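Chemist: Sequence:
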Amino acid sequence: MTPELTYLAYSIILLFVIVFIQASAGIRQHGGLTLANNRDNLPAANTFVARAKRNVDNMRENLWFFAPGILIAAVIGLSNQWTILGAQVFFFARLAHSVTYLAGWPIIRPLFWFAGIVACALIYLALFGILV
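Read in order, the letters of the sequence shown are residues 1 to 132 in this note's numbering.
Derived from the structure by calculation, the hints contain no laboratory data. Heads up, some of the hints might be wrong.
As the list claims (entries may be wrong) - Using C-beta positions, here's what the derived DEER-type ranges look like: (1) Asn38 / Gly129: 17 to 25 angstroms; (2) Leu71 / Phe16: 16 to 24 angstroms; (3) Asn46 / Pro68: 32 to 40 angstroms; (4) Val75 / Ala44: 24 to 32 angstroms; (5) Trp64 / Leu42: 26 to 34 angstroms; (6) Leu42 / Leu125: 28 to 36 angstroms; (7) Ala36 / Ile130: 19 to 27 angstroms; (8) Ile108 / Ile13: 21 to 29 angstroms; (9) Ala115 / Ala36: 17 to 25 angstroms.
Keep in mind the model is a prediction, meaning the values are calculated, not measured. Backbone N, C-alpha and C fix where the C-beta goes; we use that ideal spot for every residue, glycine too.
Please model the complete structure; the sequences and the hints are all you need to start from.
Modeler: Written out as structure tokens, the structure reads:
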């Protein structure tokens, strides 16, 4: 497995972890039986549960930028310093983004989000032969 695919796998594992955190927080707030039902009349989520949901949503949205680039690189057999760097920066930026999001730390969180976007740009610039 290429380093890029490894970091894609790590990113999916990170998604599993933050989904588990979101689910656990929801169970703590509402109770497991309530969440096992249809959830039609759930009370508003507390701050942490809402933040955890936004964190998961944000990770899913960003995976739509990252995963196709990594998969295209794998299909065409492209693996170079730029695609590897992009994959590494994406994973660690998303990890830091999740930690800062869940902790509620302002200002720095968007910088980690931006680092993840730059990482995706590196991958696509390498795919188009601009970075070689």
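Chemist: With reference to the structure, classify each hint as holding or not holding.
Modeler: Hint by hint, here is what the structure shows:
Checking the proposed 17 to 25 angstroms range against Asn38 and Gly129 shows it is violated: the Cβ atoms sit about 51 angstroms from each other. A C-beta distance of roughly 19 angstroms is found between Leu71 and Phe16, which places it inside the suggested range of 16 to 24 angstroms. The hinted window of 32 to 40 angstroms between Asn46 and Pro68 holds, with their beta carbons roughly 35 angstroms apart. Hint check: Val75 to Ala44, Cβ distance near 44 angstroms, so the stated range 24 to 32 angstroms is violated.
At about 27 angstroms, the beta-carbon gap between Trp64 and Leu42 stays in the expected band of 26 to 34 angstroms. Checked against the hint of 28 to 36 angstroms, the C-beta distance between Leu42 and Leu125 comes to roughly 44 angstroms, which is inconsistent with it. Look at Ala36 against Ile130: about 50 angstroms separates their beta carbons, and that is not inside 19 to 27 angstroms. Between Ile108 and Ile13 the C-beta distance comes to about 23 angstroms, which sits within the given range of 21 to 29 angstroms.
The hint said 17 to 25 angstroms for the Cβ distance between Ala115 and Ala36, and at roughly 38 angstroms that hint is violated.
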